[in-house]
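Please build the complete structure, drawing on both the sequences and the hints.
So the sequence lines, in the order shown, correspond to chains A and D. Mapping the first sequence onto numbering that gives the first Met the number 0, position 117 (from 1) lands on 116, and the numbers just tick up by one. Mapping the second sequence onto numbering that gives the first Met the number 0, position 158 (from 1) lands on 157, and the numbers just tick up by one.
Bear in mind the hints are in silico, worked out from the structure with no lab data behind them. Virtual Cβ for every residue (Gly too), placed ideally from N, Cα, C. Please note that the accuracy of each hint is not assured.
Beyond 12 Å from chain D on every Cβ pair, some chain A residues (computed) [as the list claims (entries may be wrong)]:
# : residue
1 : L24
2 : D134
3 : A193
4 : S195
5 : G245
6 : S283
In silico SDA-like links for lysine to any residue, alpha-carbon gap of 25 Å or less [to be verified]:
# : chain 1 : residue 1 : chain 2 : residue 2
7 : A       : K121      : A       : W345
8 : A       : K180      : D       : Y33
9 : A       : K180      : D       : C88
Restraint ranges, calculated between C-beta atoms of paired labels, are given here [what the hints assert, rightly or not]:
#  : chain 1 : residue 1 : chain 2 : residue 2 : range
10 : D       : F90       : A       : V50       : 21 to 31 Å
11 : A       : E271      : D       : F125      : 49 to 59 Å
12 : D       : D183      : A       : V50       : 52 to 62 Å
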Amino acid sequence: MDLSDSGIGHEGKFVKAYLTCEESLEIYYYMRLNRSLEELLVRLFRQNKLVGGLYGSLGQEAISVGTAYALAKGDWIAPMIRNVGALLVRGYKPRDILTQYMARYTSPTQGKDGTSHFGDLKERHVISPISMLGDLIPVLTGVAMAGRYLGHKIVAMTWIGDGGTSTGAFHEGMNLAAVQKAPFVAVVENNQWAYSTPVSRQAPLRDFADRAKAYGITRYIVDGNDAVAVVRTAREAVEKARKGGGPVLIEAKTMRMAGHAQHDPAEYVPCEMLEYWKARDPLSRFEKYLGENRLWDEKAREAIHARIERELAEDLKFAENSPFPPPELAEQGVYCEGCHSVEPEWRRSKAEVMPPKSSTEAAWTVADFGGIEGPKRASSGKRTTAKR
Amino acid sequence: MAVVTYLDAIRQAMLEEMDRDPAVVLIGEDIGVYGGAFKATAGLLERFGWERVIDTPISETAIVGAAVGMSYLGLRPVVEMQFVDFIACAFNQITNFAAKSHYRWGAPVPIVIRGPAGGGVHGSAFHSQNPEMYFVHTPGLKVVCPATAYDAKGLLKSAIRDNNPVLFFEHKFLYRRVKEELPDGDYTVPIGKAVVRRPGRDLTIVTYAAMVHRSIEAADELAREGIEAEIVDLRTLLPLDRETILDSVRRTNRLLVVHEDTRTGGVAGEIAAVVTESAFDDLDAPVRRVTSLDTPVPFSPSLEKHFLPNADRIAAAARDLARY
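Pasting the structure below:
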């Protein structure tokens, strides 16, 4: 059942037993690891063992994990600050996130940057975000366009908050993706708050998916706290984009259950609102789903929890024993000289993009003259050139 | 050997690089069917097709962002800014995304952002600017400003083959006014290397882009008075070729820096600092500057003429310096 453009995502009850037992337990592992890792980070922050601020995804784990889970191995992602779950699905380990937050030499950036600001072009196809919101939208559009150009059947995905959709970069990127029909999926995590500003002060919209109408692209709205619905919706969106259907915007409705960052007590959030969302906690709901559908038992649950506890203990030890980077590193790597090893991986014939095969007539196809009476069609699209 | 304009040299560089490497693609506004506002990409859509010559919406941020994304998969996009003034719209993508990518997480961004800069064509405040110093202040970028057709072609080829984000500021006053015979085959000009355009013993004029030609006019006039000015064409502002500047100043002992960019925060200040730090004892006179005024670029020809440096002002400053 294709629910795109209906404005309604997949409801949990509709997709019961949609996931296999193995998939369900894997998704649970990532969601639980996401939360436990961030609980550990909060403790470390309070013990003053982190460098800089700590940003969390409490209450939003189903979105990061569920959407990233819908991607294939060769696909590309760029996480934002609250997408640790997506990084874990992509194969990063807790030690990568711990060492980033602790600014150690062993971190993916060797201490050059912190938080989720890291990536890997070769194996995991992860692009590092920057702190300025919206800029990943055009960058991932370019990734999607390049993938298509090289003959890859890839999809590019990134995440953005309700607040981030107010930026000019978001609009420019979505619009370029739309006219290019780029295989790109934008996940708008509507978590009700942009730092202290409520969604009503970002845009007078209840559904941020409505923004998709302006780009003429497919949109979904999904319950972002229902992991099964998120996976199913994301899989449909990803396949649509992969098949050439153009970019897709998914709005996942959720709630930021802590402050903007650890320093923020979020006193501007009404208690009743937190209570409402606490009753819809994505992990509790997914645990209930697993139990009701007999996808696990107590033994399986304990095994996952024990695995996570063990992995976190090992990786914390690794991070704490890691050195800070040598000071001279600060001077290195501003430029890439003699180090470039990112070669395009061609999966189509290069001859197709070289003359004479690539040669074409420089003329636009104009099918609609744009008058107020409605589409006025020249016979099957008129080619216009400058010649008169 | 054929006589080629500065503009056509730029077009040739793109065409030849696209013929050489299918990873090279062009992206920008009106570059395909129309061939670019100044026709720098004329005929390239016909030759390379819609996938490699990409006409975009009016979205400088998205254009640069998409180029960055493409470069992560090994492509080498060349972005056209219709006028380089519009680069301001993409400032964040350039200075925060592209420039810091390799340093922060080891991901090189081999892109070129090129387009027409500079005044003298009555374009007023938004079609005449020299925005190079916004970017010279950003580690991770390279900033190139060619003055001749030979350099424009050779430097653009180097920029396309470079593994870093290169801003390539073409001077639109030179597009069809400057021409020379170019070699038939492939050649490159290295980024980061200045060149002595004219040898001289009495003073050094360090300059770039259109002001190279104004400085040569001034030097010819000075020569008739017996003052021999050496002209150093920087060609690249970032990284700056300190050695060539210092080598010249150590021989002439006098330095005049000339640029069309505004005065405060212009590259002349940086060059003066480099020279006083490293060759203070070689100087026989204070460093002088001839620049445009610290104002927006004005529109009316009488105002713009007053705003821009010219050969007379360069010669006057050089005379003062030679007599100091």
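_Nearest-CB test (12 Å) between chain D and A:A193_ = holds, 18 Å
*asked:* Does D:Y33 sit within 25 Å of A:K180, going by the straight-line distance between their CA atoms?
replied: holds, 22 Å
*Compute the least Cβ-Cβ separation between A:L24 and chain D, then decide whether it is above 12 Å.*
holds, 32 Å
_For A:K121 and A:W345, compute the direct alpha-carbon distance and say whether it is at most 25 Å._
Between A:K121 and A:W345 the Cα gap is close to 14 Å, so the pair holds against 25 Å.
*Between D:F90 and A:V50, does the beta-carbon spacing fit 21 to 31 Å?*
holds, 28 Å
*Please settle this one: A:S195 was flagged as non-interface, so is its CB more than 12 Å from every CB on chain D?*
holds, 23 Å
_Using Cβ atoms and 12 Å as the threshold, tell me whether A:S283 really stays out of contact range of chain D._
It holds; A:S283 is separated from chain D by about 35 Å at its closest Cβ, greater than 12 Å.
*Would you say A:G245 is clear of chain D, with no C-beta pair closer than or equal to 12 Å?*
holds, 15 Å
_Satisfaction of the hinted span 49 to 59 Å by the C-beta atoms belonging to A:E271 and D:F125_ = holds, 51 Å
*A:D134 clear of chain D by more than 12 Å, beta carbon to beta carbon?*
Non-interface label fails for A:D134: nearest chain D Cβ at 6 Å, not farther than 12 Å.
*When you take the CB atoms of D:D183 and A:V50, is the distance between them in 52 to 62 Å?*
Given about 57 Å between the Cβ atoms, the range holds.
*Taking only the CA atoms, is the gap from A:K180 to D:C88 under or equal to 25 Å?*
Between A:K180 and D:C88 the Cα gap is close to 24 Å, so the pair holds against 25 Å.
Hint 2 from the list above is the single one not met by this structure.
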